[in-house]
Amino acid sequence: MVFKKSVQKFSGKINEVVIGTGEKAIKLGGENAMPFYDFDGNLGERPKVGMEILDIFPDNWIEPLKEMYKDVADDTAKWAQFVEENFNPDFICLRFEGADPNGLDKSVEECADIAKEVAESIELPLVIAGTNNHEKDAKLFEKIAETLDGYNVLLLSAVEENYKSVGAAGGLAYNHKVGAESSVDINLAKQLNILLTQLGVKPEDMVMNVGCAAVGYGFEYVASTMDRIRLAACGQNDKTLQLPIITPVSFETWTVKESIASENEMPEWGNQEDRGIAMEVSTASSVLASGANAVILRHPTSVETINMFIKELLS
Amino acid sequence: MEKFMIIGERIHCISPTIRKALAERNPEPILKRAKEQIEAGADYLDLNIGPAEKDGEEIMTWAVELLQKEFDNIPLALDTVNKKAIEAGIKVYNRAKGKPIINSADAGDRIEMIDLAAANDAMVIALCSKQGIPRDNDERMAYCTELLERAMTLGLEPTDVLFDPLFLVIKGMQDKQTEVLEAISMMKEMGLKTTGGLSNVSNGAPKEIRPVLDSAVVAMAMQSGLTSAIVNPCDTRLMETIKACDIVKGSVLYADSFLDL
Numbered sequence: 623m624v625f626k627k628s629v630q631k632f633s634g635k636i637n638e639v640v641i642g643t644g645e646k647a648i649k650l651g652g653e654n655a656m657p658f659y660d661f662d663g664n665l666g667e668r669p670k671v672g673m674e675i676l677d678i679f680p681d682n683w684i685e686p687l688k689e690m691y692k693d694v695a696d697d698t699a700k701w702a703q704f705v706e707e708n709f710n711p712d713f714i715c716l717r718f719e720g721a722d723p724n725g726l727d728k729s730v731e732e733c734a735d736i737a738k739e740v741a742e743s744i745e746l747p748l749v750i751a752g753t754n755n756h757e758k759d760a761k762l763f764e765k766i767a768e769t770l771d772g773y774n775v776l777l778l779s780a781v782e783e784n785y786k787s788v789g790a791a792g793g794l795a796y797n798h799k800v801g802a803e804s805s806v807d808i809n810l811a812k813q814l815n816i817l818l819t820q821l822g823v824k825p826e827d828m829v830m831n832v833g834c835a836a837v838g839y840g841f842e843y844v845a846s847t848m849d850r851i852r853l854a855a856c857g858q859n860d861k862t863l864q865l866p867i868i869t870p871v872s873f874e875t876w877t878v879k880e881s882i883a884s885e886n887e888m889p890e891w892g893n894q895e896d897r898g899i900a901m902e903v904s905t906a907s908s909v910l911a912s913g914a915n916a917v918i919l920r921h922p923t924s925v926e927t928i929n930m931f932i933k934e935l936l937s
Numbered sequence: 008m009e010k011f012m013i014i015g016e017r018i019h020c021i022s023p024t025i026r027k028a029l030a031e032r033n034p035e036p037i038l039k040r041a042k043e044q045i046e047a048g049a050d051y052l053d054l055n056i057g058p059a060e061k062d063g064e065e066i067m068t069w070a071v072e073l074l075q076k077e078f079d080n081i082p083l084a085l086d087t088v089n090k091k092a093i094e095a096g097i098k099v100y101n102r103a104k105g106k107p108i109i110n111s112a113d114a115g116d117r118i119e120m121i122d123l124a125a126a127n128d129a130m131v132i133a134l135c136s137k138q139g140i141p142r143d144n145d146e147r148m149a150y151c152t153e154l155l156e157r158a159m160t161l162g163l164e165p166t167d168v169l170f171d172p173l174f175l176v177i178k179g180m181q182d183k184q185t186e187v188l189e190a191i192s193m194m195k196e197m198g199l200k201t202t203g204g205l206s207n208v209s210n211g212a213p214k215e216i217r218p219v220l221d222s223a224v225v226a227m228a229m230q231s232g233l234t235s236a237i238v239n240p241c242d243t244r245l246m247e248t249i250k251a252c253d254i255v256k257g258s259v260l261y262a263d264s265f266l267d268l
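Those sequence lines, one after another, are chains P and F. To convert, note that position 243 of the first sequence is 865 in the numbering used here; the numbers rise steadily by one, no gaps. To convert, note that position 130 of the second sequence is 137 in the numbering used here; the numbers rise steadily by one, no gaps.
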């Protein structure tokens with residue numbers, strides 16, 4: 623008897639979402655199969671890899687990265703250009719750490735000016751990440767959506783507490799993309815998408831950040847959440863979940879002890895930079911295998927490694 | 008598990024408004040009822056043009072094109088005993104959103120509707136009866152098997168046949184209700200898809216009671232394995248029950264706003 627390979631066909635397909643403008647604009651999504659399962663269906667767009675920069679000097683980053691960026695990191699636009707020229711990621715994620723009310727608490731106007739300078743100095747698509755303070759982020763994203771009108775950036779993100787302001791500014795008043803963020807909670811992920819849609823934001827203007835954790839820090843729950851979201855989106859044809867997923871991996875992996883403990887503290891753990899990269903690469907490859915359409919990374923070596931991982935799996 | 012499929016029953020020539028609109032080729036009343044049902048959550052619309060012996064082909068062609076053009080190729084169940092009319096409807100039918108369903112075949116005079124489905128790559132509702140109501144489940148399942156065998160011999164996929172156990176009126180046939188549910192369970196065991204005219208169960212009951220009975224029966228039938236039903240999607244209580252059952256069965260992922268979808 624001839625072997626007949628069984629194929630799992632799905633009725634649902636992930637929306638295609640474009641971020642940025644011009645030649646360097648990127649498209650996320652489009653798949654109707656589980657991640658990298660090209661024997662089952664169409665994988666849509668290649669998963670995208672972006673790099674994180676900050677609006678302030680990265681005092682909390684590891685020494686080798688500070689050393690690498692020391693001549694550019696005081697000027698965010700220069701930093702962005704440096705990243706674009708030297709590492710050519712798919713997109714740049716500008717994170718407004720300096721706007722945090724518990725930190726420098728920069729004004730939204732000041733932040734918007736920085737965002738504008740950055741947008742004007744690069745061709746890569748821009749993802750704007752906030753402070754995690756929902757009130758401040760609502761104001762920050764409103765201002766930035768206005769200032770960056772026409773750049774088609776992704777605002778990361780709208781959460782349950784501020785989705786109305788962020789959704790209205792990013793998805794309705796100005797034509798940007800809105801990230802819907804939930805913390806590893808599949809029902810809330812769906813609910814937030816419904817709420818944003820009910821507000822009037824079009825599904826093709828939305829992506830999801832369904833939450834993340836560094837590997838070893840409850841990651842199993844992240845993986846199963848992503849799996850179940852993808853299976854509902856493709857298998858049950860659940861329109862409310864057919865959104866590309868973006869995962870800010872570096873936001874998680876560079877805060878865990880494996881990445882921040884110095885070699886003096888933990889001599890038996892070996893080189894600190896290598897550990898940080900290892901945490902970032904393991905987490906990024908795992909979320910990509912679980913269904914993420916884009917990841918945000920910090921270390922250039924991680925970017926290179928993950929790009930190779932994607933290329934090899936897709937070839 | 009797939010979500011429960013809702014076939015909207017309200018475009019039916021038993022309604023004087025619809026009968027008149029079909030006869031006069033007046034789009035408005037038909038489009039109005041179609042819109043209401045789609046907005047209420049219908050997956051398929053049943054299009055019943057009656058026996059239409061005289062101008063069935065013309066009416067079916069007109070109505071299929073009318074509905075699919077207006078509502079983004081909404082999938083339809085073509086409901087008439089006139090085979091020529093069904094063929095004419097399938098000819099102009101757009102399959103982008105789903106195959107046409109032929110409503111319906113039975114194990115008696117209308118068994119050739121199975122052949123028609125096979126010849127046209129359509130789905131078909133197969134009523135598990137011959138003449139009148141099956142005596143018991145032995146008889147019901149014998150018809151079910153007969154219809155399945157015919158469909159498979161002609162090359163239809165078993166999932167292209169929606170088996171109708173024949174829902175019976177509670178007021179008068181109360182003792183038969185659990186039997187129908189058991190028949191659904193048996194069909195589920197065989198891996199078959201099922202459907203039926205659910206509102207039969209509440210025929211003759213007071214208007215305010217009917218949604219209660221329909222909802223209870225649909226919940227119990229869904230647990231037994233019913234995969235779709237021909238219903239009035241504008242019945243809020245019924246639709247809320249179906250949506251909640253889909254959640255409980257895990258066919259739809261829960262979110263607080265699930266009733267809004």
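A portion of the hints provided could be inaccurate.
Said to hold, decoys possible - Not close to chain F: a few residues of chain P, all C-beta gaps over 12 angstroms, as computed:
hint, residue
1, Phe625
2, Leu687
3, Asn708
4, Phe709
5, Gly725
6, Ala811
7, Gln813
8, Gln820
9, Ala854
10, Glu934
What the hints assert, rightly or not - Under the rule of at most 20 angstroms between Cα atoms (straight-line distance), these lysine to any residue pairs were calculated in the SDA-like manner:
hint, chain 1, residue 1, chain 2, residue 2
11, P, Lys861, F, Gly257
12, P, Lys631, F, Asp167
13, F, Lys104, P, Gly652
14, P, Lys879, P, Asn682
In case anyone wonders, no lab produced these hints; they're calculated from the structure. If you're wondering where the values come from, they're calculated on a predicted model, not measured in any experiment. All C-beta atoms in this analysis are idealised placements derived from N, C-alpha and C, irrespective of residue type, glycine included.
**Asked** Broken hints, numbered, in rising order?
**Response** Hint check: 6, 7, 8 and 9 fail, others pass.
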